[in-house]
Amino acid sequence: MATQAADQCEAAVKSENPEAVVVRFAGDSGDGMQLTGGQFTLSTALAGNDLATFPDFPAEIRAPQGTLFGVSAFQINFGSTAIETAGDAPDVLVAMNPAALKVNLAALKPGGLIIADTGEFTKRNLDKAHYDANPLEDDSLAQYQLLAFDISAHTVEAVKPFGLGNKDALRCKNMWTLGLALWMFDRDRKPLQEWLKQKFAKAPDIADANIAALDAGHAYGETAELSGPLKQVHVDPVATEPGMYRTITGAEAVSLGLVAGAQLAELPMFFGGYPITPASAILHHLARLKEFGVTTFQAEDEIAAICSAIGASWAGQLGVTSSSGPGIALKTEAIGLGIMTELPLVIVNSQRGGPSTGLPTKTEQSDLYQAVYGRNGDAPMPVIAARSPADAFECAIEACRIAVEYMTPVMLLTDGYIANAAEPWKVPDPASFPAFPARFLTEKNATDADGNPQLLPYKRDAKGARPWIKPGTPDLMHRIGGIEKDSQTGNISYDPANHQLMTDLRKQKIEGIAVPPQDIALGEGAGKLAVVGWGSTFGPIHQAVRRARRKGLEVSHIHVRHIWPMPANLGELLKGFDKVLVPEMNTGQFKTVLRDQFLVDAQPLTKTSGQPFKIAELEAAIEEALA
Amino acid sequence: MNDMTPVQTTLKDWETDQEVRWCPGCGDYAILKAVQRTLPQIGADPSKTVFISGIGCSSRFPYYMETYGFHTIHGRAPAFATGAKLANPELDVWLVTGDGDGLSIGGNHLMHVLRRNVNMQIMLFNNEIYGLTKGQFSPTSREGTRSPSTPYGSFDHPAKPAAFALGAGARFVGRGFDVSKHLPDVFKAAHAHQGAAFIEIFQNCIVYNKDVFNDFAAPKGAEDRQLWLADGEPMLFAKGTKGIALDRDALALKVVDVEGDDWQSAGVLVHDVTNRSVAHMLVELPFGPFPMALGVLYDDPAPTFEAGVAAEHDRAVEGKENNLAKLLAKGQTWTVSGTAQDPV
Ligand code: SF4
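As they're listed, the protein sequences go chains A and B.
Quick note on our numbering: the first sequence kicks off at 3 and runs consecutively.
Quick note on our numbering: the second sequence kicks off at 5 and runs consecutively.
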């Protein structure tokens, strides 16, 4: 079938040489959309564009085919200027079936381009998507550009020589579509062909079929049939800092950062984990990095995961555990023990929609209270939040540093968006990070009244940290535990003055952690409005502030990495602004902490739909605040 | 246990300067002494020995041992111990738990540490009550136990620790009681076993469940009520006048009388510590019709968890290098040259 509106495709992407384009691939969860998106991302990165992605997949593992809740989507925003978000509204929507169209249409820009596979718009699939009539054939899509043809049939035709069954042949559809997309955006097919050969090294037939589909999709774009109206779009490479780049997801960045952190601490790493969405990816990555001194342990539950990590820290390794909201809740009692026994530990929390099971595959920032306050007793703990996939690398190193230097559990906050999203990352030189080697006590550290050497397991150093004493060290036997301890000997103490002292010491130690001063992400250090964010809202806030500033508005962007303790200058900084706006994907948790700590009139801007902020939403809020 | 160079110590070397805070007359004292007596005999090194516990009366144990000790949180000691053992397999790990700690709140962890076969000695002090929280019934309390939370008597079916352990996959199951002179022998056998060694120790909580084990632990008539098992020896009790035989029709154990020394013709079984089927019957033997089976019920080592972790590690790292710079640059990369531009 020929195109219905391909001649207007050009209009859909505005110009043949746009600054940025947003494409969303949507299909059934079985259609391989995440893979398609991932490979398109790679080719985009190789073409030198800046980019940000947003994978959006269903919570169900194998949702029934063709249903609305089985739709999986992958959005990518790429361009020749700095890209901070996955983009508000797509310019191009690839819809592999009616359900994908229905679920994603609302997001498409008016005038945007829809590429649809007519082969899947059958009566049965239309019913499953609750369409009374075929939207490709009535006028309901009139405000968009529509490019509808039988991708399924084309794919089957393309892979015919390889003798695949119909089902296997149709599985190559995503590669066909990717081929078309590569043609549209003037991309090199070579890396993908190589990748397919590698991926299916054990089944060369499948590799060849997929490559044939890819090539056929690409050729389809070029053929006389279509090439007249369907214009190629070229997005120039972004001007960026020179260096070597790769794409990285947050989960990868956290894993690599933890490995780097353990090496900078000169420690083997013990990772205790338990499967949970979206944190499992960290366990998966680390399980393959044993040659870096990493032991991974899949425990029987979240509690055992953290307890085993604390046990390993006690025995002299860098204990790490990771989870998401509900799993972190289970770990809470053990975090308290880590704080009480003052052992290093890194806890990664990939936040997701809550409370309870909430929205496992959607993103939210609603564990900030849990991170900062969520324990019994006065149990202060440092909290760091990563702003992007690439930033998660440095944040993980920072978490390791604080844990080891201050003998304390540290929580690193990421979220579902950061964990799954990919962005280009300038590969750092590991030697550029200062080392923070762990020191273990090897001999008694005090002298008793009679002048004999004495061990004081809770005698603190200048930072307020107690010594790390590995079991197995000759003559330093001692006992620790969750009961309040004497401030020097560590023996059980119920003495009221001692508990007061220990509570104060624990608090002072955390408050005294050296964190870098707060910088300004964009704009001046004082003025009418500061937009203060933390975590994965960085991208949309940054873009919104940039756009507002272009319009002449007096607004700055401040993005806080160190949630607890906060940078010492943050309070003064905020007081230099007439207004403070705090956008966050929760009901206003950081806003409350800022108010509490600095008595500033921080105003919340909240969103808990499971979707990241759109730039436009934030821009509107900035304009309103300054109106 | 681990292979280790024996170290010369005396009982005194294993005592701490901490005041022991159990109730006077508590069975825990006797167990503490039995452990402190055992360790010098096996040549244990205090600086490589660790005691890890959960929460409860028994879990105060580490504070009284001059070793490394970790008093953790309720029920989770097996998880801490697993992490510590994986981090440093040279540590000789002793785990101390109770019936509430190990079978109620921590049942899950106990199951998994046994199934994984992490190399350590696990002492479960079974006093059939919650002592530290002042006397509530526990998962091992007998039906009808009156306690503050069961004023009309409990009606749950009690858990059987040794049967639980064996069912979870334990490769060593031993049993003793606090004041028994044989307890150090059970500890020694457990320590000699490579892998998770589970020891159920009946312990008298004289405040909340006084003398609940007297029916078999009391010295008077003990011969008739205790079956001390020894590998390769016939299962005899009551001064050799009775024995345990197999009822082949019922596929169950039965008590038989022994005439003179002729236990063979009475069909008395010879204890084989590696026989898992018989072990299953021994841990299920109802006390009353049968004596209490004590000593080493089962001992048949299997590969340990930490050995598996080490072997997997060796296989996985073979031919790979620990090169962080290479790792960071893994996958498809591209290079941007030219001058940097401020994107703002
Ligand atoms: S309450 Fe019972 S178990 Fe606890 S110390 Fe006292 S006697 Fe021993």
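If you are wondering where the hints come from, they were derived from the structure by calculation, not from laboratory data.
Ideal placement from N, C-alpha and C gives every residue a C-beta, glycine not left out.
Misleading hints may appear alongside valid ones.
Cβ-Cβ distance ranges computed for the label pairs, FRET-style [said to hold, decoys possible]:
{"#": "1", "chain 1": "B", "residue 1": "E147", "chain 2": "A", "residue 2": "T475", "range": "53 to 59 Å"}
{"#": "2", "chain 1": "B", "residue 1": "G173", "chain 2": "A", "residue 2": "D380", "range": "37 to 43 Å"}
{"#": "3", "chain 1": "A", "residue 1": "D477", "chain 2": "B", "residue 2": "N112", "range": "32 to 38 Å"}
{"#": "4", "chain 1": "B", "residue 1": "A320", "chain 2": "A", "residue 2": "D431", "range": "47 to 53 Å"}
{"#": "5", "chain 1": "B", "residue 1": "D304", "chain 2": "A", "residue 2": "M246", "range": "28 to 34 Å"}
{"#": "6", "chain 1": "B", "residue 1": "A320", "chain 2": "A", "residue 2": "M246", "range": "24 to 30 Å"}
{"#": "7", "chain 1": "A", "residue 1": "Y375", "chain 2": "B", "residue 2": "E325", "range": "41 to 47 Å"}
{"#": "8", "chain 1": "A", "residue 1": "R64", "chain 2": "B", "residue 2": "S153", "range": "32 to 38 Å"}
{"#": "9", "chain 1": "B", "residue 1": "H317", "chain 2": "A", "residue 2": "G245", "range": "31 to 37 Å"}
Going through the hints against the structure:
1. B:E147 - A:T475: 53 to 59 Å: With Cβ atoms ~49 Å apart, the hint is violated.
2. B:G173 - A:D380: 37 to 43 Å: For B:G173 and A:D380 the Cβ distance comes to about 42 Å; the hint holds.
3. A:D477 - B:N112: 32 to 38 Å: 37 Å, holds
4. B:A320 - A:D431: 47 to 53 Å: 26 Å, violated
5. B:D304 - A:M246: 28 to 34 Å: Between B:D304 and A:M246, where Cβ atoms are some 56 Å apart, the hint is violated.
6. B:A320 - A:M246: 24 to 30 Å: This hint holds: roughly 27 Å between Cβ atoms.
7. A:Y375 - B:E325: 41 to 47 Å: Given a distance of about 44 Å, which is inside 41 to 47 Å, the answer is holds.
8. A:R64 - B:S153: 32 to 38 Å: 45 Å, violated
9. B:H317 - A:G245: 31 to 37 Å: The hinted range 31 to 37 Å holds for B:H317 and A:G245, with Cβ atoms some 34 Å apart.
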